[in-house]
Structures are given as structure tokens and as C-alpha cells.
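Just so you know, the protein sequences line up as chains U and L, in that order. Numbering-wise (UniProt numbering), the first sequence opens with residue 1 and increments by one. Numbering-wise (UniProt numbering), the second sequence opens with residue 1 and increments by one.
Simulated from the structure, these hints should not be mistaken for lab results. Quick reminder that beta carbons are idealized off the backbone N, C-alpha and C, glycines included. Do not rely on the hints blindly, as some may be mistaken.
Unchecked claim - Listed next, the in silico DMTMM-like pairs over lysine to aspartate or glutamate satisfying Cα-Cα at most 20 Å (straight line):
| id | chain 1 | residue 1 | chain 2 | residue 2 |
| --- | --- | --- | --- | --- |
| 1 | U | K34 | L | E625 |
| 2 | U | K34 | L | D97 |
| 3 | U | K3 | U | E112 |
| 4 | L | K67 | U | D12 |
| 5 | L | K251 | U | E32 |
| 6 | L | K670 | U | D105 |
| 7 | L | K62 | U | D40 |
| 8 | L | K62 | U | E128 |
| 9 | L | K321 | L | D404 |
| 10 | L | K244 | U | E32 |
| 11 | L | K75 | U | E32 |
| 12 | L | K244 | U | D12 |
| 13 | L | K385 | L | D404 |
| 14 | L | K67 | U | E32 |
Claimed, not checked - Take a look, some chain U residues computed to stay more than 12 Å from chain L by CB distance:
| id | residue |
| --- | --- |
| 15 | D12 |
| 16 | T70 |
| 17 | P73 |
| 18 | K79 |
| 19 | S101 |
| 20 | I126 |
| 21 | F145 |
| 22 | D147 |
| 23 | N149 |
| 24 | W170 |
| 25 | L172 |
| 26 | R173 |
| 27 | D175 |
Said to hold, decoys possible - Pairwise CB distance ranges (calculated):
| id | chain 1 | residue 1 | chain 2 | residue 2 | range |
| --- | --- | --- | --- | --- | --- |
| 28 | L | P311 | U | C95 | 57 to 65 Å |
| 29 | U | G114 | L | N651 | 46 to 54 Å |
| 30 | L | E110 | U | S101 | 57 to 65 Å |
| 31 | U | R173 | L | E634 | 40 to 48 Å |
| 32 | U | G114 | L | K729 | 58 to 66 Å |
| 33 | U | T74 | L | Y45 | 22 to 30 Å |
| 34 | L | F374 | U | D161 | 58 to 66 Å |
| 35 | L | G698 | U | G114 | 32 to 40 Å |
| 36 | L | G540 | U | N152 | 49 to 57 Å |
| 37 | U | T74 | L | L647 | 49 to 57 Å |
| 38 | U | D33 | L | Y45 | 25 to 33 Å |
| 39 | L | G540 | U | D33 | 47 to 55 Å |
| 40 | U | D33 | L | A730 | 16 to 24 Å |
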Amino acid sequence: MKKKYAMAYIVDRCVDCKACMVACKAEWEVPEDKFRTHIDTGVSPDYTDTMRMHFLPHQCNHCDDAPCVTVCPTKASYKREDGIVSVNQKICVGCKYCIVSCPYDARFFNHELGVAEKCTFCLPRIAEGLAPACVTTCPGNVRVFGDINDPNSEISALLRDAATNHYKVWKLRQDLGTRPNIYYIQK
Amino acid sequence: MIKNRISRRRFLQGTLATGAAAASLSSISLIAGEVSQPAPTGVTYAQNWCEMCFWKCGLTAKVVDGKVHKLEGQKDCPSNRGKLCAKGNAGIAQLYDPDRLQKPLIRTGERGSGQFKEVSWDEAIKYVAEKCNGLKEKYGSGTFSLFAHGSGEHAFVDLLHIMGSPNICIPSYSQCTGSRDIGWALTYGKPVGGKEPVDSENAKCIMLLGRNIAEALHMGELIDFINGCANGAYVIYVDPRYNKTAAKANKYMMIKPGTDTALVLAMINYIIVKEIYNKEFVEKYTYGLEELSAHVRRYTTKWASEVTEIPEKDIIEAAVKLCEAAPNCYIHPGRRLTRYGSDTQFVRAIAILNALMGNWETPGGIFKPVPLKFDTPHMVHDLEKVDAERADGAGTEFPIASVDLGLANKMMQAIAEQKHPLKGMFVYGCNPFHNQGSTDVVAKAIEASEFIVTCEIYMTDTAWYSDVILPESTYLERYDPIISTARKSGYIQFREPAVKPLHDTLGAWEIAARLSKAMGYQNHFMDVREYNTELLESLGLSEKVMQKHGSLVGAEGDPFPLASGIEPEFHTPSGKIELFSNMLNDLGYDPLPSYQAPPMPKADEFRLLFGRVSFHTHARTQNNEWLLALHHSEVELWINSGRAKALGIKNGDKVCVTKGNKKSNPCIAKVVDHIHRDAVFLPHGFGSVSKGLTRISGVGARDSDFTSDETDPISGGAGFHNGFVRIVKA
Ligand code: SF4
Ligand code: SF4
Ligand code: SF4
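Sequences and hints are given; from them, build the entire structure.
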């Protein structure tokens, strides 16, 4: 069966340490003050006895129906067979349509190279059998990456476990029909 | 080799000389542009341990075409199990930072003018040697002091011994863990130690009093903690500020700052009165329960609730939760326990509360570190340690303070006051302008010193005021003596350079050896690689093995011997865990901890709290381009929303900290409900005055301008949190 790469975040385990952001920056020499992944903080508005704070990572969702791919005039942005949404930097003309079309704010303009840029699920790393840089470095083991078409992969096991135990599982803005491939899990 | 180094340096100089635009190019493009050299090609790997903080995570550097491309945690290193934090990952940006010190410097203008001339190593070494020999002749060998922290600290410690001075200070004692280790040792007969042996992964209940594990961020401690949370530990977090550790807690308790001891004493009292402590353990292994219970009787939960502003039911609930989980629970002994000038007794209270749980050498409680024992060679031959009286009072005025680590706070005061002729100051890897409680005292000490030598990688605030600056190679450019660490197993770690030094820099050991020789001392310094080879051979290992693995576990053992039925030993006067401390009693201190209210801020003042954020260490990493990008170079001052409103301060406003005639650079107000009204909080390490830190010079507040400089009467350690400030709009 074809591979289909996806990622899950076990959000309870995230401490907003931002190691993932910097590991990714190093691996991809992401320029200036840009990052390919971020952590959002959610705080219940008022301090009460039950105040909670949550940390939610995000990055490109490698959507199955990706607006960034649809709008790209040169086909530089494309969906690969293994599910990864990629940018061919050689033919990207830097028109930035994809950047504005992405509902997840996952892309930015790389001024040094003059192209649109985003998370690649660490394509060459995974080809070498390594996990993506953010996954490898995460002290919380928040991030689980793998092939969801392989029932023996860690991510498949995690998603099964989440279903069995009725953990809360969601994806971002499913109402948009983009069919993202990043799962959020809360135990 | 040297030739290669110099031409690299020339290249960088040439590029930077083309002006501001070139200087703002990323370091990556500078290095990539290095075409005149036949650059090494291909991919290689080098083993190291991270030096971005002091946890020493094992890492492997991936070097592509001669440039360090990526740092990865060593999977099998027990310090970090394959992980690196944001700081660790940003070690590359430090290595290639054009702001690094690149050549030895000798001051030419006024101190603090930033005027230095570049000199050769030979010239710098000769200059320092002559000056030091002159000072020694004039004032005696005790005229030298040292403030040192980091992997190369022992090189300078040994140098000071050779020079004949006892005035050696490792600031981590008085400025961080001294009171904690003394308080713990008085109770259990041994200090807590640098890699706190708390077993978070197996704990059923964890109580943290301001130990912000998620943001103080030491990798092994954090991994264990997250796993502990995921395994279902009930976490109680006590802090005046709801932070990222609070976010992981089941119960957060906002405490009035300064009142932690009251909380702990009331819990002790409640647990004794209700007889819910671990009776079997307490009877068998502790000393002084009767005295303790009589002493704490006055500390009722009702009283503590009034003092701490924590609801009484929450205090009781915390006590009950711990006892229900006992012995698989712990109350964290803390780390930087330099708060209110009474920290040793606070730790005593924590140690006693732990003892009531009976969690000693037990899963989920306090584990017994497993050391890897072996004979280490001596880096310096024929070294006689100086055993003279110290100028800081360690061992005399403070009889149980560590004479090996010294009292950096009291030493700085002694230099400022000049009761002894302390004229020659050495600084290695630390930054007194930021790590001391009073910058006025540091400024005075600097003024009183005739000669100041700083060995550093950056132009810190202290380097900026020094007479000679000796640039050190970063950890990714040097060998260092192998280190050994004890956690649940005992292991060794190996460091080798990933790249040759980019600039005209040397490792600390070579610098110390050259200085010693130039001063005319005969002691032989071993070469670091020679030392490592000898050490490895004694373990039946080789450099090659270490190049492959980076770190190696050499001792497996039982970290929970008591739980396995092995009787523990306590090296206290009574041979038991001392709830009542015989040693304190004999020395005339309070043998049982009492609550002493610290001074409180006036109605229009705030207590200044400071600490780490997850992506900076001390005052060492603030200039790092990648780490600065994480917070857009903004320095946030946390302030309570009610107090802010009264001052007309809105979230995002620019505000300054003031005290007397001092006023900080602007910070960004972070107006939140979840910090106590009495306090403001600053991330530590900003507000540098040195213009050599081009990205952060003048950015944010330097907390040390506003902190207190209390002295703990028992440990001699510092107390920083009695500094009271006002906040004004910028
Ligand atoms: S590295 Fe892991 S724990 Fe840290 S911020 Fe990223 S996802 Fe969260
Ligand atoms: S998250 Fe944005 S950039 Fe990524 S595939 Fe979806 S639309 Fe494209
Ligand atoms: S905790 Fe982070 S900064 Fe400290 S040694 Fe480990 S990786 Fe380096």
C-alpha cells in the first residue's frame, strides 16, 4: 500500500519549550526570525482556581485538498504520492498566492531564496530513516510521526489507542474541507 | 593548522569590514562564502556535551562540508535521552556568531569605554603573567580571586592554587544551590547534588515550590517530569506566578511571595497532628520528632492560610495528597534557592516534609544516584591545594559553607570593601554584573581591583570592564577532560571538536597552562587528549570508542536500595535523618526551622522576582540570534492586571523598572491576572551594557540592578528576592 505520512501531537505533553522550532530552524537553515513550526498558548481568560493553560503546536498540515496547491500558478506547490505537500523551489516564482491562501498560516516568504517556504515533514531526513527534526528533539515526545497506512507504525498505534480510550482527537478547521494530516490528541 | 586558522579569521574580518549590511548577513552565508580555502567536504560526526546550560546533555554534531549543520542529542546519554532543548539546538548560532570574541584583547581606554587593542596570545599571556607576578610581590598571593563556572572552570581553579590563592569562588554555591545543599546535608548527611535525584517518572504525587521545571529546563529533569505527569502523578505547583510548569499541574496555588516556609511548616504540623506521616519510617530513621512536633504546633493551617493567602482547605488537601501517595512522592528540594536570605531553613523545612513521607531511596521519591567510580589522572602534576584562610568567610564566619566552592557574594563584597588587599580578579565563564545581587558592589569591586582578567566567548558586561580578555574556544571547537555523572546509572561523557577553532581562541586548559608557565611556575599541565587517553585506558576504553558513542554507561546499580531492603546510612551526628539538627544546635543556630516574615514591599512597590524562560540560560545566551527570534528580541515584564490598571499600564506598553535613582531600559508589559499583586517578574540575563553584544546591548532590564543581596546566616548564600521596585511607563 502507498505510504501516507502524518503527524500527531499529544498536546498534554507539550511544555512550550520551543526546542522543535529551533531544531527545525537549524536543520533547514530557516532564515531571519522565521520558523516553520510554532506553539500557540491558550489561557482561560481569568485567573480562577481552575485556570488552565494549553500549548498547541502547529505547522503545515499537508492537506489532502490543499488550497496552496490549488492556487499555485506554476505547480511549484504539489502534493506527493506519500501525502507530503512540497514546494519545488526551482520553479517557484515567489508570487505568494499560496501564502495568502493557506488557512493555517503555515507558509512564509523566504527572502534569501525568493521562494515560498514551509514544513516538508523533513523529507530528506525521513528518506534516511530518521524522524523529522522536531520529533527527534522534543523532550515531551509530544510529536509522533509516521505512515498512517502502515498499521504497525507508531502513529497508527497511537491513533488506535486514542480511539479505544476515547481520548479527544481533532484536526484544525475541518470545516474548511482541506483534510489536514495533523492530529491533535488530548488524553 | 595555525595558518589555516589565521586565514579564516582574515576572511571573516574582511567580510565584516564591508559595513553594517555585511555584519547583518546570517553567519551561515559568511561561512558558506569561504571559497578561498579548500573546505573539507562530506559529512562527519563529532561527539560533545552541550554547554548552553550546565546540564551537559550528550550530543552529536553533524558536520557538512566543514560546517556544523545540526546538533542531535545522543540517544543513549542518560542526561537527555536523545533530546536537546531550544538552547541546545541553537549552539550552532553561538558558534557562528560574529559577536564572539575572536582575539585576545588588552584594554587601552578607561574601564567600560570598550577600547581594547587586539594582541597575540604570546603578548596577552606575557602581559597577564607580568601583572600578576607584580601584584603577588606587592600584596601577597591571597590578592587573587577567581569567579569561575563551566566545563573549563577547573583549569582556572588549579591555576589559582598554583598562584597560591585560596580565594576561589564557584558562584553556583552562593548564587544558586548552596543553601539548598547545606539545608539538605544538615538533614540527610549529604547534599542534593547538581542533577536532582527526584524520581518524577514513578511519583504518584509531586509538590514543587517555585521549582519551574518546564522553564528552568534541564533536559533530564524535564523529560522525567513530563513522563511523571503522563503517568498520572498528582502535581501541586506553588508559585506567585502561573507559568509553564503550573500549566502541567493538577493544582496550582498562588502564594504570597516570601511566605513559602509558612506553608511548609503548616503542612508539617498538620501531618504530625493528624498522624498521617509515614510512621514506620519516621520511627526507624529520623531523629527529633518530639522536638519538631512541639516546635511546629504554633504553625496551624489557619495561620498559614492568612500568611500565604492560600485557602486553608488547599493547604490541607496538599498535605493529604502527599501522605496518600507516600512514600512514592516528593517535595522538590529546589534549585536556585537564593530568595529571601533565610533559604537554608526553608530547605530544612522541605527536607523534613520529605522525611515525613519516608520517600528516601524509594521509587517516586528521592533516588540514590549510582556513581561510576574510577581513578582520574591529575591534569596538573604536583599541585598543592592552598589551604589558607579565605577572604569571604567560608569556613570561618560561615563555618559550614563550602570552602571548595566559596562564597562569590561575600568575596565580591570583600573586594569592594578592601579589608584585604584583593587586587587581582580572574573571571571565567561567569558574569558577576548579572549573577551578583548588587551591581553597585560589583562596580565598586571592579574599581578597587588593579587588574581584571576575563576568559570568555562573548563580550559580557564583566568582560567589558576587564583589563585583559582571553577568548575561549566554544565547546564545539575544543577537547575537554572527560566527565562522569551519576543519575540512575553512572556514565562518562566525551567532548571533541566538531570544527577547528574559527577564530584565534584557545581552550581553558591551554590558557591556564600557558599562564602558569609564563608566571614561572613549574607545574606540568597534561594535554587534554593525553589525559583522556590515560583515563579511558584505565577503564579499558579508547578514544575511538568514545568517538563512536559519545557517552557510555559504566555502572548500573539500584537507585532504590531502601525499597529493596538495604539499610540506608545517614552521615549526620545522630546517624539518622535529623528533623532536629544537632549540628545547627551546636553552632548556635535554630535547630528547627521557624517562619520569619521577610521584608514586604510598600503599597506602591513590587517585589522583583526573576528567573529563567525556557530558551535562555543565565546571562549567557541572550545574544543568540535564533533564541532571540523566538521572542522577537522582546523582554517581557510580568505585572498583575489589577496593579497595572491602577498605574494606567496596558498589555504591550513599554515600561521601566525603577528603584532610587536607577531606571531600567524599557521592557514590554505582560499584564496578566496570574501573577501575585505584590510581584513583578523579569526574565533573567537582559539589559546588558556591553556594546559587544550587538543584538541585546541596552535591551530590557538588568534584574541585578534591582535585586537584594541578602546573606543567609547559615550557608552564607545570597538572597535576591527582597528587592523592591516601582514600575513606570517608558
Ligand atoms: S519540542 Fe515538544 S514540548 Fe517543546 S514546544 Fe515543541 S512540541 Fe512542545
Ligand atoms: S497547511 Fe497550508 S501550506 Fe500546508 S498543505 Fe495545507 S494549505 Fe498548504
Ligand atoms: S538542557 Fe538544553 S541547554 Fe542544557 S545542556 Fe541540555 S540541551 Fe543544552
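Hints and how they fare:
Taking the CA atoms of K34(U) and E625(L), the gap is about 11 Å. The hint holds against a cut of 20 Å. For a cut-off of 20 Å, the pair hint linking K34(U) to D97(L) stands: about 18 Å separates their Cα positions. A threshold of 20 Å between alpha carbons decides the hint, and for K3(U) with E112(U) the separation of about 33 Å lies outside it, so the pair is violated. For the hint linking K67(L) to D12(U), the alpha-carbon distance of about 37 Å lies beyond 20 Å, and the restraint is violated.
Proximity of K251(L) to E32(U) is assessed by CA-CA distance (about 40 Å); at most 20 Å being required, the pair is judged violated. The straight-line distance between the Cα atoms of K670(L) and D105(U) is roughly 25 Å, outside the 20 Å bound, and the hint therefore fails. Of the pairs offered as hints, the one joining K62(L) and D40(U) is violated, with about 30 Å between alpha carbons and a cut-off of 20 Å exceeded. Taken as a hint, the K62(L) and E128(U) pair is honoured in the structure, with Cα atoms around 14 Å apart against an allowance of 20 Å.
With a C-alpha separation of about 40 Å, the suggested pair K321(L) and D404(L) falls outside the 20 Å cut-off, and the hint is violated. Proximity of K244(L) to E32(U) is assessed by CA-CA distance (about 27 Å); at most 20 Å being required, the pair is judged violated. Proposed proximity of K75(L) and E32(U) is contradicted: the alpha carbons are some 30 Å apart, above 20 Å. The straight-line distance between the Cα atoms of K244(L) and D12(U) is roughly 12 Å, inside the 20 Å bound, and the hint therefore holds.
Pair hint K385(L) plus D404(L) holds up; C-alpha atoms about 10 Å apart against a cutoff of 20 Å. Distance check on the hinted pair: K67(L) and E32(U) sit about 19 Å apart at the alpha-carbon level, within 20 Å; holds. For D12(U), the shortest C-beta to C-beta distance to chain L comes to about 7 Å, within the 12 Å cut-off, and the non-interface label is violated. Once the 12 Å rule is applied to beta carbons, T70(U) is consistent with being away from chain L; the minimum gap is 31 Å.
Even its closest Cβ contact with chain L, about 30 Å, leaves P73(U) beyond 12 Å, as expected for a residue assigned away from the interface. A cut-off of 12 Å between C-beta atoms confirms that K79(U) is not in contact with chain L; the least separation is 27 Å. Non-interface call for S101(U) relative to chain L: holds, since the shortest CB-CB distance, roughly 25 Å, exceeds 12 Å. Remark: the non-interface label on I126(U) is consistent with the geometry, its nearest Cβ contact in chain L lying 15 Å away (cut-off 12 Å).
Against chain L, the non-interface label of F145(U) holds: every CB pair exceeds 12 Å, the least being about 15 Å. Every C-beta of chain L lies more than 12 Å from that of D147(U), the closest at about 21 Å, which supports listing it as non-interface. Taking the minimum C-beta to C-beta distance to chain L, about 26 Å, the non-interface status of N149(U) holds against the 12 Å cut. Every Cβ of chain L is farther than 12 Å from the Cβ of W170(U); the closest lies at roughly 19 Å, confirming the non-interface assignment.
Annotated as non-interface, L172(U) keeps its C-beta farther than 12 Å from every C-beta of chain L; the closest such distance is 21 Å. The non-interface label for R173(U) is consistent with chain L: the shortest C-beta to C-beta separation is roughly 24 Å, beyond 12 Å. The claim that D175(U) lies off the interface holds: its Cβ sits roughly 28 Å from the closest Cβ of chain L, which is beyond the 12 Å cut-off. Checked against the hint of 57 to 65 Å, the C-beta distance between P311(L) and C95(U) comes to roughly 59 Å, which is consistent with it.
Between G114(U) and N651(L), the C-beta spacing of about 36 Å breaks the proposed range 46 to 54 Å. Evaluation of the 57 to 65 Å hint for E110(L) and S101(U) yields a pass: the beta carbon distance comes to about 58 Å. The beta-carbon spacing between R173(U) and E634(L), approximately 29 Å, falls outside the hinted interval of 40 to 48 Å. The hinted range of 58 to 66 Å is not satisfied by G114(U) and K729(L), whose Cβ atoms lie roughly 42 Å apart.
A C-beta distance of roughly 38 Å is found between T74(U) and Y45(L), which places it outside the suggested range of 22 to 30 Å. Between F374(L) and D161(U), the C-beta spacing of about 44 Å breaks the proposed range 58 to 66 Å. Separation of G698(L) from G114(U) is about 34 Å and conforms to the stated range, judged on CB atoms against 32 to 40 Å. In this structure the hint that G540(L) and N152(U) lie 49 to 57 Å apart at CB is violated, the actual value being about 40 Å.
Checking the proposed 49 to 57 Å range against T74(U) and L647(L) shows it holds: the Cβ atoms sit about 54 Å from each other. Checked against the hint of 25 to 33 Å, the pair D33(U) and Y45(L) passes, with Cβ atoms roughly 29 Å apart. The hint said 47 to 55 Å for the Cβ distance between G540(L) and D33(U), and at roughly 49 Å that hint holds. Separated by about 23 Å at the C-beta atoms, D33(U) and A730(L) satisfy the suggested range of 16 to 24 Å.
Figure legend: structure checked against the earlier numbered hints; hints not met, in rising order: 3, 4, 5, 6, 7, 9, 10, 11, 15, 29, 31, 32, 33, 34 and 36.
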